[in-house]
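Enquirer: Sequence:
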Amino acid sequence: MKWNLVFLGLLLTFGQLSWGQKGMDIPEYDGKDRVHDLNAKNYKSVMKKYDVMVVYYHEHVGSSKVAQKQFQIEELALEVGLFPFLCSSGLDEADSIYIFIEDEVIEYDGELAADTLVEFLYDVIEDPVEIIDNVRELKGFHNIEEDIKLVGFFKSQKSEHYQEYEDAAEEFHPHIKFFATFNPKVAKSLDLKLNEVDFYEPFMDEPVLIPGKPYSEKELVAFIEDNDRPTLRKMQPYNMYEIWEDALDGEHIIAFAEEGDPGMRILY
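Note that the sequence shown covers residues -20 to -1, 1 to 248 in mature numbering (1 follows the signal peptide of the UniProt record, and there is no 0).
Wrong hints could be hidden among the right ones.
[What the hints assert, rightly or not] Pairs of lysine-lysine, PhoX-like flavour, derived with a Cα cap of 20 Å: (1) K198 x K138; (2) K198 x K119; (3) K165 x K135; (4) K157 x K119; (5) K198 x K165; (6) K135 x K173; (7) K119 x K29; (8) K173 x K138; (9) K119 x K138; (10) K193 x K119.
The set of hints was computed from the structure by calculation and includes no laboratory data.
Kindly produce the complete structure, drawing on both the sequences and the hints.
Expert: Structure, rendered in structure tokens:
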């Protein structure tokens, strides 16, 4: 069977994001074709050109006009908003989108829509750990309730314990949110002692303190992997297929509700 490696790249301006009432400010497509059909002869030269790259791994469309038309639609949907991403080998799942950045390979499990993918890519290029330094940032942390999140208290960014935490964050970025503070007042409000890390399950009011501080990267990764299947998850455009594939004995229970519906708490 023949497979295509399709590189999709759109040069975007790294300007500020607008998170106001209009939502994210997505760059508009400028009409330029930035899709490369990767093959054994050209992939190394293409890889050398970019710091970041996205690869769409697709079954060869063949001569069918219907299949070719569908592929063109998928290509256009992606081309409207993508960054050039650095590629390497190792693709093994057809009809998948892989993001290559530095030494990391991230599989995108969301819907095939430009705005959703671009929003996900903005998350990818953010730092893996977000620092909480004041009351406003702390409030923002508490407002995140639908995602797995971790928060730790460390002496400084130069602390070896923080560096272990940051290395662990890179393993799960951007799917799991990592936060840290170096501010004793913020740590006190979070009830954290030095070098402690709390793990929050989605929609959980109280966190779980990860035992055995100070932690190594390996210990943090092991704990997260043992606890990354929360009781209740919010299905969102950027993770819908990943959640769908994560069935327990092939079964899911899915509830549809309005945002903020208090009845969802009853389900949990």
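Enquirer: State for each hint whether it applies.
Expert: Each hint tested on the structure:
For the given pair, K198 sits about 19 Å from K138 by alpha-carbon distance, which is consistent with the 20 Å threshold. Of the pairs offered as hints, the one joining K198 and K119 is violated, with about 30 Å between alpha carbons and a cut-off of 20 Å exceeded. Among the hinted pairs, K165 with K135 is consistent with the structure: their alpha-carbon atoms are about 13 Å apart, no more than 20 Å. Distance restraint check for K157 and K119: the Cα-Cα separation of roughly 15 Å lies within the 20 Å cut-off, and the hinted pair is therefore satisfied.
Between K198 and K165, the direct Cα distance comes to roughly 29 Å. Violation of the 20 Å bound is thereby established for this hinted pair. For a cut-off of 20 Å, the pair hint linking K135 to K173 stands: about 10 Å separates their Cα positions. For the hint pairing K119 with K29, the CA-to-CA distance comes to about 41 Å; that exceeds 20 Å, so the pair is violated. Annotation: proposed proximity of K173 to K138 holds, straight-line Cα distance about 18 Å (limit 20 Å).
Note on K119 and K138: the hinted pairing is violated, with a Cα-Cα distance of about 25 Å set against a maximum of 20 Å. For the proposed pair K193 and K119, the alpha carbon gap of about 26 Å is over 20 Å, so the pair is violated.
In the structure shown, a violation is registered for the earlier hints numbered 2, 5, 7, 9, 10, in ascending order.
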